[in-house]
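J.: Here is what each chain is made of, one letter per residue.
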Amino acid sequence: KAGVTQTPRYLIKTRGQQVTLSCSPISGHRSVSWYQQTPGQGLQFLFEYFSETQRNKGNFPGRFSGRQFSNSRSEMNVSTLELGDSALYLCASSFGLGLKNIQYFGAGTRLSVL
Amino acid sequence: GDSVTQMEGPVTLSEEAFLTINCTYTATGYPSLFWYVQYPGEGLQLLLKATKADDKGSNKGFEATYRKETTSFHLEKGSVQVSDSAVYFCALSDLESGANSKLTFGKGITLSVRP
Chain B
1262 KAGVTQTPRY
1272 LIKTRGQQVT
1282 LSCSPISGHR
1292 SVSWYQQTPG
1302 QGLQFLFEYF
1312 SETQRNKGNF
1322 PGRFSGRQFS
1332 NSRSEMNVST
1342 LELGDSALYL
1352 CASSFGLGLK
1362 NIQYFGAGTR
1372 LSVL
Chain R
909 GDSVTQMEGP
919 VTLSEEAFLT
929 INCTYTATGY
939 PSLFWYVQYP
949 GEGLQLLLKA
959 TKADDKGSNK
969 GFEATYRKET
979 TSFHLEKGSV
989 QVSDSAVYFC
999 ALSDLESGAN
1009 SKLTFGKGIT
1019 LSVRP
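If you read the sequences in order, they're chains B and R. Each step along the first sequence adds one to the number in our numbering, with nothing skipped, and position 5 is 1266. Each step along the second sequence adds one to the number in our numbering, with nothing skipped, and position 102 is 1010.
A couple of the hints might just be wrong.
Below, in silico cross-link-like pairs of lysine-lysine (DSS-like), each with a Cα-Cα straight-line distance of 25 Å or less [claimed, not checked]:
no.: 1; chain 1: R; residue 1: K985; chain 2: R; residue 2: K1015
no.: 2; chain 1: R; residue 1: K1015; chain 2: R; residue 2: K976
no.: 3; chain 1: B; residue 1: K1318; chain 2: R; residue 2: K985
no.: 4; chain 1: R; residue 1: K1015; chain 2: R; residue 2: K960
no.: 5; chain 1: R; residue 1: K1015; chain 2: B; residue 2: K1318
no.: 6; chain 1: R; residue 1: K968; chain 2: R; residue 2: K1015
Simulated from the structure, these hints should not be mistaken for lab results. Treat the numbers as computed from the prediction; the structure is a model and nothing was measured.
Chain B on its own, in the form it takes in the complex (with noise of 0.2 Å):
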């Protein structure tokens, strides 16, 4: 069974520019969540998607924002990228949502905003 898959691995982009980032859950999966690791901030939850509709979302500018579509991948875009936007972004998938679906990790993209 294929794991979590985020696309792409690497990205380098300049200040003013926009991102969007890939997300394929586990086959199955229908939750979806996206998290964003800096050295300085640790690991921040952006925001969470199931069956389409963001049920959650974190302390991020209105810039980040996301999307699932009906066959449960993801996408995150960042506009107006920062300076400090650079960061690892993480997507998880589980199953359905709550505390007894464990969330499956991908290995993220490296975003660096030059």
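Mind docking chain R on chain B? Use the hints.
T.: Then chain R, alone, in the frame of chain B:
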């Protein structure tokens, strides 16, 4: 709000040494607790979890007990191996705070095991 505090790192041990990584938490409700591990270049993997007080999670020789009275979930292993070298994250998920699957993570600690 919810928070997780891990001991400062990094930690360097010799093979077969005993490992303890401290983790304490603050939560508004009754959280579930987790330890995740991240190997170089990879995503996070669930190592173990506990969902109620006095539960002991265990996996691959690692153990952690949910202590509600001390709000702690310390990770232990009796004899570490070189292959245990990784970054370890303590995390919680708290349904009563309104979250669904949201995980709140500690800062993580890097473990290096010398042969």
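J.: A separate judgement is required for each hint: does it hold in the structure or not?
T.: Consistency of the hints with the structure:
1. R:K985 with R:K1015: Distance of about 20 Å is within 25 Å: holds.
2. R:K1015 with R:K976: holds (21 Å)
3. B:K1318 with R:K985: Cα-Cα ~35 Å, so violated.
4. R:K1015 with R:K960: holds (23 Å)
5. R:K1015 with B:K1318: With a Cα-Cα distance of about 20 Å, the restraint between K1015 (chain R) and K1318 (chain B) holds, given a limit of 25 Å.
6. R:K968 with R:K1015: holds (22 Å)
Hint check: a violation occurs at hint 3 only; the rest are consistent with the structure.
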